[in-house]
Structure formats: structure tokens, C-alpha cells
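One letter stands for each residue in the lines below.
Protein chains: 2
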Amino acid sequence: MMNLTASEPVELSELRCIGCGLRTNNPGHKFRCSACADLLEIVYPGWDTTDGQRAAPFTAAALKALWRTRRKSFVPMDQSGVWRFRELLPHFASGEKIITLREGNTPLYELPSCARAVGVEYLVAKHQGMNPTGSFKDTGMTVAASMARQEGFRWVGCASTGNTSASVAAYAARAQMRSLVLIPQGKVSWGKLSQSLDYGAITVELKTDFDGCSRILDEVVDRMPVYLLNSVNPYRIEGQKTAAIELLEQLDWQPPDHIIVPGGNLGNSSALGKALLELGKLHFITRLPKVSIVQAEGANPLVRTMRETGGRKLVSVRAETAASAIRIGSPASWKKAVRVLEQTGGTVAEVSEVEIAWAKAQIGADGVGCEPASAVTLAGLKRLVQGGFVKPGESVVLILTGHLLKDPDFTLKFHRGELFRDTEQRKEAEILVPHERAPITLEASADAVISVLKQVEEGSEA
Amino acid sequence: MMNLTASEPVELSELRCIGCGLRTNNPGHKFRCSACADLLEIVYPGWDTTDGQRAAPFTAAALKALWRTRRKSFVPMDQSGVWRFRELLPHFASGEKIITLREGNTPLYELPSCARAVGVEYLVAKHQGMNPTGSFKDTGMTVAASMARQEGFRWVGCASTGNTSASVAAYAARAQMRSLVLIPQGKVSWGKLSQSLDYGAITVELKTDFDGCSRILDEVVDRMPVYLLNSVNPYRIEGQKTAAIELLEQLDWQPPDHIIVPGGNLGNSSALGKALLELGKLHFITRLPKVSIVQAEGANPLVRTMRETGGRKLVSVRAETAASAIRIGSPASWKKAVRVLEQTGGTVAEVSEVEIAWAKAQIGADGVGCEPASAVTLAGLKRLVQGGFVKPGESVVLILTGHLLKDPDFTLKFHRGELFRDTEQRKEAEILVPHERAPITLEASADAVISVLKQVEEGSEA
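Note that the protein sequences, when read in sequence, are chains A and B. Going by this note's numbering, the first residue of the first sequence is number 1, and it counts up by one from there. Going by this note's numbering, the first residue of the second sequence is number 463, and it counts up by one from there.
Mixed in with the good hints there might be a few duds.
[To be verified] Simulated pairs of lysine-lysine, DSSO-like, Cα-Cα distance not exceeding 30 Å:
| no. | chain 1 | residue 1 | chain 2 | residue 2 |
| --- | --- | --- | --- | --- |
| 1 | A | Lys72 | A | Lys30 |
| 2 | A | Lys30 | A | Lys97 |
| 3 | B | Lys492 | A | Lys454 |
| 4 | B | Lys916 | A | Lys187 |
[Stated by the list, open to error] Pair by pair, the computed Cβ-Cβ distance ranges are:
| no. | chain 1 | residue 1 | chain 2 | residue 2 | range |
| --- | --- | --- | --- | --- | --- |
| 5 | B | Thr903 | A | His29 | 25 to 33 Å |
| 6 | A | Ser451 | B | His553 | 49 to 57 Å |
| 7 | B | Ser913 | A | Glu418 | 45 to 53 Å |
| 8 | A | Arg68 | B | Val918 | 44 to 52 Å |
Please keep in mind that the hints were generated in silico from the structure rather than gathered at the bench. None of these values were measured; they are calculated from a predicted model. No residue lacks a Cβ here, since even glycine has one placed at the ideal position from N, Cα and C.
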């Protein structure tokens with residue numbers, strides 16, 4: 001049994017190339033394999049019980065109990081919903097070096113009206129949009145930003161559709177590091193843009209798309225001492241794993257049948273899948289949920305990759321969708337995501353813009369807000385139920401990745417009937433989306449308000 | 463000792479008029495005293511140990527231990543940072559009736575650069591903007607909305623500057639009740655407006671200000687079966703108390719010297735003060751923090767009420783400030799707030815629009831985002847330190863009430879230099895606010911990005 005105090009070293013981790021398997025402890029500044037340039041991932045040799053060399057350094061039962069006990073603690077590392085699970089993360093020399101905004105600890109919400117709408121009995125949402133900066137990115141950023149600080153960097157940087165930049169800027173400010181944020185001009189929601197400005201990032205709008213921003217950042221980190229905080233950074237993936245660990249803990253370690261995730265750059269699905277596989281290996285759970293990934297029709301590189309090449313070769317696309325957080329045509333972590341689909345038995349789905357808007361309004365009707373990219377999960381679930389991949393009696397968890405307030409513009413346009421202008425979309429919208437309800441402007445009179453109330457009452461009785 | 467299981471009845475509460483002291487169990491639909499029309503508050507006769515009749519039904523030590531133990535529980539009522547403290551709240555028949563979004567559980571953040579900027583040694587923020595809908599309103603709404611459901615209402619309603627409406631709409635949707643939201647036309651941030659639409663509220667923009675919306679709602683609830691969810695509703699105040707209880711728990715029951723709160727409709731300061739007084743009476747703490755209330759110069763009715771009448775008569779104003787959440791000229795809970803100032807020994811302060819913007823950017827520089835109304839606390843603290851009311855060695859807690867994403871427009875305008883246009887303000891802004899940093903638009907080239915980086919580096923070395 002390991003010693004379970006915070007200051008005791010936990011198991012050491014190594015970096016391994018997902019392509020050629022080369023192991024290293026020097027990730028370089030681009031987190032690519034020095035031999036084949038593929039992505040790196042973090043592995044924990046000490047956990048390998050199958051190679052006969054040694055036993056895992058802890059038991060699942062002991063860690064489950066320890067993690068639960070930490071919920072009572074007021075130590076910052078224990079209050080973080082990421083670092084509470086630090087035995088399954090890379091080791092940090094000391095809690096002092098950790099940059100935390102008390103990320104994680106996100107709620108599970110039952111979605112009764114959504115469940116009825118798609119035809120399943122048990123449906124809950126794990127709301128990662130309840131993280132400090134309003135998206136799941138924080139869970140990975142606390143680990144990777146802490147690593148940047150430990151390595152002595154003064155600058156960190158990212159390319160972003162908006163959520164990553166908000167998180168990078170916040171954690172950098174918290175650590176008194178400078179941050180550089182590259183975003184596609186005019187394609188990031190105002191809310192997200194305001195976040196990186198507020199936290200003091202150098203915010204650069206480039207005349208290109210997200211994929212172009214990513215390429216340019218790669219060149220910048222080649223030439224300048226800027227620590228790369230995109231999701232190719234394997235420490236981000238490790239932090240994002242904890243959402244799955246926390247989810248399983250909330251479910252008393254009874255895995256659901258399905259977990260549905262939005263697919264953008266595919267770091268999140270990679271992280272959740274990695275967590276599940278590790279939890280299985282370490283005997284925390286005895287069966288794996290199927291992890292399925294949903295993309296917008298206009299930004300469906302993974303869907304096409306699976307359909308056209310069986311997952312062997314990335315099919316890049318020019319991405320277009322109102323769900324800006326997943327407007328990515330050439331996802332960095334596609335290979336990791338393919339492995340997750342294969343190893344958990346999940347599948348992919350794609351959904352239309354109107355289906356996304358319908359799903360977002362449906363989730364809202366359960367009193368839970370999210371950004372459009374998060375709503376693809378419910379839209380995708382509906383398709384997966386219709387196609388028979390998800391059975392009505394199976395249990396389903398949706399991963400909501402961003403807060404409603406991340407993209408108020410989408411919501412306002414939707415309710416004002418401005419989101420869908422072409423005739424085909426309008427027709428689809430009228431069938432699928434009966435939720436549109438614009439604000440009503442009235443003279444300041446109680447009579448006027450009461451007459452609106454009465455109309456609504458009559459309408460709902462009719 | 464009381465029995466501490468969830469299903470056991472806790473002490474009964476009563477309603478008491480804050481003006482004439484009349485006790486009642488029928489609050490009416492406007493939550494006003496039937497004799498003198500003043501506000502009602504909830505009292506707990508069973509806690510009175512001073513009248514010699516009976517002892518308090520619990521000890522502070524036992525409750526402290528119980529509340530901490532509940533942090534390990536996965537029961538929804540225990541996971542709520544409001545209902546975890548239910549022994550100090552009005553009794554509900556059953557946990558089944560409770561509407562919760564897992565509100566509360568908000569973080570305490572140290573603010574090192576803000577502390578240096580205002581000249582105090584110990585400064586932390588209790589960030590109520592980390593509640594599910596992004597503002598402190600959720601902590602009160604879970605209690606009042608649960609009461610609405612328990613009483614069988616199908617409709618709930620509020621007048622709002624935006625945060626209340628978001629919270630009302632979310633909790634109503636969660637309980638499958640309908641909600642009516644009255645907001646001043648053109649005066650609510652887009653983010654907040656998008657929330658009430660998303661959660662399905664009937665959202666009515668009235669051609670008047672917040673105070674006008676309040677008056678009209680009063681008439682509506684007179685004539686229609688709509689449950690009033692404004693902060694005159696004393697159940698909201700009870701829920702909002704828990705922020706202070708949670709704060710003290712986070713500080714291991716060692717009260718800070720000062721708590722600084724933004725002042726709008728003054729329900730929040732009333733609630734925090736009530737909690738502190740009750741915690742003192744019940745021997746959870748042995749001394750009271752001073753609660754001070756900060757308003758914008760353009761919306762300063764409490765400041766004027768204290769200055770011009772010594773707190774005896776409300777001085778209403780026509781409110782104008784970019785901090786829209788506290789743009790209120792005739793605050794409903796002014797009498798309760800005056801009592802809190804008197805009983806805790808706190809004071810009032812008012813701050814300029816430029817000072818608010820400065821404070822918000824300063825808080826952002828610590829990696830913590832908030833809406834403008836929250837930032838008045840830091841601006842006010844600076845004034846209180848300068849004036850000698852707060853000593854450099856004293857400990858201070860700022861209550862941040864709303865999330866940064868509640869009002870991205872303010873942040874964008876600020877960084878684009880569009881917030882302050884008149885000459886005097888610009889002059890003040892240039893001295894106070896060196897933080898303005900607009901986004902930079904560049905061609906898609908690494909060279910261009912690197913040249914910006916180098917300029918920033920040179921600038922910060924100079």
C-alpha cells in the first residue's frame with residue numbers, strides 16, 4: 001500500500017508515443033514523438049500488473065475511500081475536483097506548485113424532459129460547463145499550467161475556438177505567467193473573447209480558421225519560449241480524465257451503459273476514454289461504458305474518418321457550424337479518439353444545425369443551460385436511439401462541455417427566429433423546434449402583462 | 463440534541479414584521495405585513511435561549527461536524543451548498559420537494575495582486591458567481607422556488623436587472639413551473655437575457671426601469687396566482703444566508719474582520735448579516751465581522767440614506783451605472799440593510815464608474831473573473847482603506863456576486879477603450895486603469911505573432 005499523505009511521492013509516469021510506442025521523458029516543446037512526430041500520451045509503468053513485474057501500488061477500494069474522505073478537507077488540492085484524484089495523475093513535487101481555481105466538482109443533473117423526448121429511461125448530464133471559466137477545459141488546464149510553472153516558463157500559449165483561451169488566460173494569470181491566445185478572427189463568441197481579455201492575455205485574432213491558428217502556434221513555440229497549452233499537451237489530457245473518475249464516483253462506481261461526448265479537437269473524448277480504460281485496468285470498475293462521439297454535420301472529420309477509412313486515416317474537412325466550440329476540421333487527437341471508440345465499443349454520429357438548436361432548447365427546458373456544442377450530445381443520442389445503437393432501457397450520461405453563458409448570441413438569435421434563414425432549415429426548424437419564444441416588449445402596465453399571461457395560459461390549455 | 467437525520471422535523475419558523483414586530487404564519491402574496499405593510503423576516507423561536515423558556519435544539523459543535531460529514535454524501539440535498547445547512551433554514555416536509563441545481567459550494571480565492579493594489583495583507587473573494595446560473599441568486603432561489611412548489615403554484619414571477627430572472631427561470635423549469643420575468647427594456651445584459659429565454663421563461667421587456675418593473679409585478683401578483691420571487695420574499699433571504707455560513711466554515715469558523723458586499727436591492731447584504739447575527743447567537747462564532755456595503759455613485763440610495771437621514775428614511779434615486787446588476791434606485795430591503803450596518807458595525811461607500819472598471823480589471827489580473835457589480839467591492843475596499851475604516855493588517859473578504867460571463871459587453875467595451883468617452887472620465891481612466899488591452903488583429907503569420915510577443919516583452923522590461 002502506498003503512503004497516502006499529500007507530500008509522499010506517487011508513482012512516476014512516462015511519455016509514450018501513440019504511433020511507434022517510443023518512451024521518453026523529454027516531450028520537446030511540441031509534445032510530438034522525436035521519432036515519428038505522432039502524439040504522446042502519459043503512461044504509468046507502475047500500474048502494470050499484467051507484465052508480472054510488480055503489483056499496482058494501491059487498491060481501488062483504498063483510493064475510493066481516500067478520495068471520498070478528501071471531500072471533507074479544506075486544503076486547496078483536496079478541494080479541486082482534479083487533484084482530489086491525484087494518485088491517477090502525474091506526480092507533482094509539491095502542492096505548493098499547483099495552480100488551482102477549484103475546478104471539477106461538477107454536478108450530475110437528471111434530464112427528465114430530455115429523456116422523454118429521445119425515448120430513454122435513465123438520462124443524466126455531467127455538466128462540465130460548471131467549471132470556473134465555464135468549460136471542461138479547466139480540468140486539464142490546472143495540470144498543464146502547473147507543469148508550465150514547474151518548468152519555469154514565463155509564457156504559455158494556445159490556439160483556440162474560445163474555451164481553451166479563456167481557461168489558459170485564467171490559469172496563467174493565477175500563476176503570474178503571461179499568456180498568448182490565437183483565435184480565428186470573428187469566429188469566437190463575445191463571452192469567450194471577453195474572458196481572455198479580462199484575465200490579461202495577449203489576444204490575437206488571426207485571419208484564418210482554428211486549424212490555421214494551430215499551425216501558426218506550432219511555429220511560434222518552435223521559435224519562442226512559449227509553453228504549448230493546446231490539447232496535444234498530454235498533461236491536459238490527464239487532467240481531463242478526472243471528469244470520468246468523478247462521474248463514476250457520483251454513480252457509486254456503477255458504470256452507465258453509454259457516455260456521449262461532443263467531438264471537436266477530440267482531446268476530451270480521448271481523456272474520458274483513457275480514464276475509463278485505466279479505471280478498468282485498476283479494478284475500479286468491472287465493465288466499460290460505450291463512449292460515443294457526436295459532431296456537427298458541418299464539422300464532421302471524425303465521422304468521415306470512421307466511415308471512409310475505418311479510422312485508419314484522418315479525413316480533414318473545412319469546418320462550419322454555429323456550435324463554435326467544435327468548429328474544427330482537422331482534430332489533433334483523432335487517433336486517440338479512434339482508439340477510444342474501438343476499445344469501449346462506442347460509435348460516432350453527426351447532427352444538423354437545426355437538431356443542435358432543438359437539443360439545446362430541450363436541455364434548457366429541464367432548467368439546465370449549455371452552449372451549442374454541448375447540445376450535440378442530446379441530438380446525437382436521439383439519432384443513436386432511432387438507429388438502435390442505444391436501447392431505451394440503457395443508462396446514458398451526456399457530457400455537457402460548456403456553460404450557457406459562453407454563447408448567449410446563439411440563444412438570442414434562436415429565440416428571435418434569426419438562426420435559421422434558409423427555407424429548408426426553417427421548415428425543419430418548425431417541425432423540430434417548437435421552443436422559439438422571443439422577448440415581448442410592452443408598455444409599463446400591469447394590464448398589458450396580465451393579458452400576455454392569459455394568452456399563454458390559453459395557449460397551453462389549447 | 464435534535465435527531466440529525468434528514469427526514470426528522472427541524473425547528474419551526476415564523477414570519478415577523480421588521481417594522482411593527484407582528485408575527486404571522488400567513489405572508490400573503492406580497493410578503494408584506496398585514497398591519498403596517500413593512501417587510502417580513504423569518505425567525506426561529508426555538509433558538510431563543512435568552513428568554514429563559516428553552517434551550518437551542520442543537521449545539522454549534524454538533525452541527526459543524528454534521529455539515530462537514532454531509533460533504534461526503536451523494537444525496538442531492540447534502541450536495542447543495544444551501545441545504546447542507548438546512549438546520550438553520552425553514553423546515554421542508556421532505557427532501558423530495560426540494561428543487562436544487564447543486565447551488566452553493568462556491569470557492570474562496572486569494573487575491574494577491576488586489577491585496578497589494580489596495581494595501582491590505584489578507585484578502586480573499588467568496589465567489590458567488592460560481593453558482594449554477596452564474597450569480598448568488600441561486601442560493602436563495604432554491605429555497606423560495608421549493609416553497610412555491612410546495613404551496614402548489616404553477617406560475618412564479620420576478621422583476622429583475624437580469625440575474626434574478628436567470629435564476630427564477632432555471633429553478634422554475636427544473637420544477638416544471640412556468641415563469642414570468644419583467645425586465646427593464648434594453649437594460650439587461652445579453653447573457654442574462656439569453657438565460658431566461660433558454661429556460662423557457664415568458665420574458666417581458668417593459669418600457670421602464672427596474673423599480674418600475676417591481677411596481678408592476680406587485681400589481682400582477684395582486685391580481686393573478688403568480689408566486690413572487692423577488693427578494694422581498696423572505697425565503698430567498700434565508701437561502702442567501704448560507705453563503706455566510708459556508709464562508710465561515712471555509713475559514714474554520716474564524717471570522718474575518720471585514721466582509722464587503724455590493725449593494726443593489728440590498729437583499730444579499732441583509733441575508734449575509736442575518737446569517738452572521740444568527741451564527742453569533744447560536745455560538746458558532748464569538749465575534750462579528752463588520753459588513754460594509756458598496757454602491758455605484760450613480761445608484762447610491764443606501765449611501766444617501768445613511769448620510770442624509772442616518773438610516774431612518776429611504777432616499778430614492780434615479781439609478782444609472784454600467785454595473786447593471788446594482789442599477790436600483792429604490793431598494794426593497796434598505797431597512798434590513800441598515801440594521802445589518804448598525805448591528806455589525808459596518809459602513810457604506812460609493813465608487814465611480816472608472817473605479818469599478820479598474821477594480822474589475824484588477825480582479826481579472828488575479829485570474830478571477832466577475833461582473834462589474836461584483837467589482838464595486840474591491841473599489842470600495844480601496845476607499846475604505848484610504849479612509850482608515852479598514853486597517854492594513856485586518857482580514858477582508860469580498861463577496862463577488864456574479865460571473866464574468868454575465869456581462870461580456872462591459873469587458874469588451876472596456877478593453878476597446880469604448881467604456882469611457884467623456885474627457886474627465888478618460889483622464890481618470892488613464893491614471894487608474896492601465897489594463898486596457900484590445901484584441902490585436904493580424905495576418906495569419908507566425909512572424910507577425912512573434913513580433914507582437916517581442917513588443918510586449920520589451921514593453922514589460924521597460
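Right, here's what the structure says about each hint:
no., hint, in the structure
1, A/Lys72 x A/Lys30, "violated, 39 Å"
2, A/Lys30 x A/Lys97, "holds, 23 Å"
3, B/Lys492 x A/Lys454, "holds, 20 Å"
4, B/Lys916 x A/Lys187, "holds, 26 Å"
5, B/Thr903 x A/His29: 25 to 33 Å, "holds, 26 Å"
6, A/Ser451 x B/His553: 49 to 57 Å, "violated, 38 Å"
7, B/Ser913 x A/Glu418: 45 to 53 Å, "violated, 39 Å"
8, A/Arg68 x B/Val918: 44 to 52 Å, "holds, 45 Å"
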